[in-house]
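Sequences listed follow chains W, E and Z, in order. Using the working numbering, the first residue of the first sequence is number 1, and each one after it goes up by one. Using the working numbering, the first residue of the second sequence is number 151, and each one after it goes up by one. Using the working numbering, the first residue of the third sequence is number 863, and each one after it goes up by one.
By construction, these hints were calculated from the structure, which means they are not laboratory data. The reader is advised that the hints may include incorrect statements.
[Unchecked claim] With the Cβ distance kept under 8 angstroms, some of the chain W side facing chain Z (calculated, not the full set):
no. : residue
1   : Y8
2   : L16
3   : L17
4   : L55
5   : W59
6   : D111
7   : L114
8   : R147
Just so you know, these numbers come straight off a predicted model, no measurement behind them. Glycine included, C-beta positions come from ideal geometry on N, C-alpha and C.
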Amino acid sequence: MAEVHLLYDTLVVGALLFGIGLIGFLARRNMIVMFLAVEMMLQGVSVSLVAWGRLHNDWGGQLLVLFILTVAACEAGIALALVLTLYHRSGRLDVAFWHALREANQPAFVDHELPDDPHPKPVWPELPPAGIEPPLDDEILVEREHRIHV
Amino acid sequence: MSDAGFDSDALMVLIPALPLAAAVLIGILGKVVLKERSHWPCVLAIAGSFVASCFLLMDVVSLDKQDPHSIPAAEHAKPSEHSGVGIEELNTLWTWAWVTDAYRPAGGQDTTAHKAVAPAIADFRIDITLRADPLTCIMLCMVTFIATLVAIYASGYMHGDPGYWRFFAYVSLFVFSMTMLVSVSNFALLYVFWEAVGVCSYLLVGFWYEKPEAAAAGKKAFLVNRVGDFGFALGVFLIWTTYGTLNFHDTTAADGSLVMGVLGQARLSDPALFVGGTTATLIALGLMTGAAGKSAQFPLHVWLPDAMEGPTPVSALIHAATMVTAGVYLVTRCTPLFHMTPTAQQVVAVIGGFTALLAGLIAITQNDLKRVLAYSTISQLGYMFLSLGTGTLVGIVGGMFHLFTHAFFKALLFLGAGSVMHAMHHVIDMRRFSGLRHIMPWTCWTFWFGSLALAGVVPFAGFWSKDVILASAHDRAHDSALFEVLYYAGLFTAFLTAFYTFRALFMTFYGPLHTPPEAHHAHESPPAMTMPLVILAFCSLAVGAWFEWTHGFAAFLVRTPSLAYAPVYGEHGVHQDVFHWEVAITSTIVALAGVGLAAFFYLGHRKEVTQLGKFMQSPAGLWLYDLSYGKFFFDQIYAATIVLPLRCLAWISSWFDRWAIDGLVNSVGRVPPALGALLRALQTGMVQFYALAMVLGLLILLGSMLIWQPLG
Amino acid sequence: MSGADMGGAQDLGAQWPYALAMLLFAAGMWLLLPRGERGGRAVGAGLAFAGLALLTLLVHFGLTIHEAGARRIEFVGPLPALGGWTRDGVFLVLAAMTVGSAIGAVTFRSPVYCAIWFAMTLLGTAGLFMVQGAQFLAVATVVVYAGAILVTFLFVLMLAQPEGHAFYDRISWEGPLSACAGAVMVGLMTMTLSAAIEPAPAADAQEGNSAAAQPTVAKWLEPKLAADRSANVLASEHVAGLGARLFSTHLIAVEIAGTLLLIALVGAIAIVAHAENKEPSTAASSAAGGRHG
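Using the sequences and the hints, build the whole thing.
Written out as structure tokens, the structure reads:
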């Protein structure tokens, strides 16, 4: 594997990450997933930067990725705070709900009807809350009393 | 510098500066700080101006005494400042405008005659120069004296008005403008302050601007004055193109050579230095148009009666005593220019005589006390112009003399009317009150003084000045049929004057006591108002006789440069020592007849007027009455012939502007919204749509880069 | 350069395999994205895989129209012990893992699964960093991204996610269009790369067949490729070198980045606290919803 080959391959991987993130950002409606997609695009850029830094024999690529990391952390913090606020206002994470800034005479965005979800979210067994005395069945109580008396 | 120990330069500056400072002070502090004390800066400043004016007058008189009282008739005096036959003091403060070599007469004008009156090349230079000469001093003393009294009076009259401070700010500003108007020594500056007094008049006529009539009257006064000022401006332009200067006085150019002013002593000493013929006539008529506008002469007299909507002290100060006399001042100041054109002088005389008669005829039927006085003012101003139009030195001095005396007794009458209004709670219709002498003795007796002076009864001030005017017309009547007619018109006007004055006096103060219901507690006015009345009454009695007997007024006034050179033009000097017994007796008889007729009709039980009543019931009588009562329908005629066509033009212009021009602009303006409407569909409000748009743009950029500019 | 321009323009027409790969990739992505119904995901996965495989063939194994050159310069990396095919294999596995989990991260319905797939992507990215010789970044990515940011995402998901699959997770906005846009973007970038690194040797090819056999690389690349990286980005004391640069040349940037983090922290708290205070009713209802979640 030659240097240029490595560069080439890595850049293509970066482009793919960027493109897939772009698809996710454009297509997905869940705001959190959208932000995941944005982070993914950043990752694609980071990969490319490191590859170019290596080719140019320069620390700049890696340093820039470090700053991207910082900015991404900030962005994630702010964005998640905003997402949470929006969720509190609307009760949903749907980005299409927020289209009030459209032109006055534009029709509102309406989803087409969806079939029922054939696979509802599975109900997992719940763990009892830790640190609290568990509620006891009458049977167990009776059994205990029985044991004590015995 | 005078031997009286006063710095005349400082006095000249102080006279306008004090009212200006008061105006600024009241304007800034009046509303919040001064409030009900706003009259103090105004009264003190104007009184200070009056004192300064008196000192300046003494200064100029002392100059008069220094010079040998000789008017060279044949040989020309050596033209230089201060040594000519006219006396003038000049105080140049700073240069306001200076365009070098601005004056280059066009080739067509470059005739020999033209070369004589104007330099080949001249600067356009306006120095802020204040002047002091007899004419200016007399005007300054008169203006500041009347203004002081009116300001004191107004402190009582305007008491409690919400715009109290505003009123005194305006009055101070007016006094500043008026003092500057008579002090400046340049036509351009004269025009500036001519407009400034117009603005003050506008502000004060429309002082109660909530009242629609007052606002309309202010507007009318301003607009009618625009017509006159247009003529004035044309006259000034013509003066510039003819004489190459706008200064009154002679100045010294940068190279030390003498630049003759329009009315400078150098030019005055030689009639050949003035243009004659059509140019002179046009200049004079332009100036006369401005004077007619400001002094409410026919056909521009219609604004003055409406201007009575302003507060009465304003009517007394601006629309009777001072501002309206600016036209007379202008014509007097420009006497040499009028001298060159007998045609224009005749126009002045005819306008003056006709206006005097017309206004007198209107005044006899008016029921509004202030209107009567307003038409009386127009009529008396007409007298002054008639006098100026005779063109003789006697006439001009007589016109100024009448201006001077008229200021006192007309201010007195207006202030008396204001006192009545004050008591009658702003009712001014004479039919609604009578017999007020019982409750307002001071006002009544001072009104008597004013009426006698206005009617021209011996020995009141109006008698002496009116006598001079009629005498000057009578002198000219020997050689001109026109002036004969004007003389008799003047005599008839004197009769009318006496009649309507005493009609007003008798209707207001005599008969049974009767007050309108609005006047809850009719009472004599406070001392702040009666005190000026008494002072003015004394002046009305004394000022005419004193000046007439001492000949002080005429002898002093003719030392004004504009008048001092009259002998050069073939005048015979002042014939003050020749008292016209014939004219005096005639006019006295006429005046007494007017008084008697008024007493016959309006004093007593008015039963004797049935005969007249029968005549008035006839169609001819009704027609005559309506003609006079309707003010000869000038307002209606102007409305139909001038206002209506202009309104039509304005409507057409408005329509064209709204539909044609605005339509064009609007149709251009509709293009961006139309383009925007196409793009509006993109504004879905969906975040992802915007992101997609950005990505598509990026893709197009990348693709095009790849196609047309590969990286290899 | 005019010849290069012509060559570039001609190349576009010859690069139809890239277009085919991207077409397959786009179709697969469309089928994989949530569309409201379940069907076609396997087909989509197959298509996307086919597309990516074709791309791998084109890019990595040199099945380009023009022979890729510059393969002779030996690879000096952090894995010197591995042979040529091993290194290729490691890279390919990491790349496949990264890209595959990335596709999973954007296509799964449940945001929780998305987050977990994204964690997988981050691990793959860290591996790629390692292959590139950026050990510090590899560790930092795992620690900061997977350890901190992603956990924050999951916290928010737990706070905000309603029960069951929300309808907006089962549907996409303009899926085909988005997939095409992404695919075209990738394709354009790849083609740009091929044009940049493997310039068409149009002039050289006419001189003789031997020229085609010679490694061709852009002139500006040659000194870069020949550089000795062992003293710099691939130095043994890698973290020390990075730190030295970071805290000397880029010290102000580091300070600014620290300030930025602080501001973001304050801002995030302010935004949430402000919203809570301002609308107590909605906040209470959402808190109730949160408990349900």
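Comparing the hints with the structure gives:
{"no.": "1", "hint": "Y8", "in the structure": "holds, 6 angstroms"}
{"no.": "2", "hint": "L16", "in the structure": "holds, 5 angstroms"}
{"no.": "3", "hint": "L17", "in the structure": "holds, 6 angstroms"}
{"no.": "4", "hint": "L55", "in the structure": "holds, 5 angstroms"}
{"no.": "5", "hint": "W59", "in the structure": "holds, 4 angstroms"}
{"no.": "6", "hint": "D111", "in the structure": "holds, 6 angstroms"}
{"no.": "7", "hint": "L114", "in the structure": "holds, 5 angstroms"}
{"no.": "8", "hint": "R147", "in the structure": "violated, 38 angstroms"}
Hint compliance for this structure: hint 8 is the single one not met.
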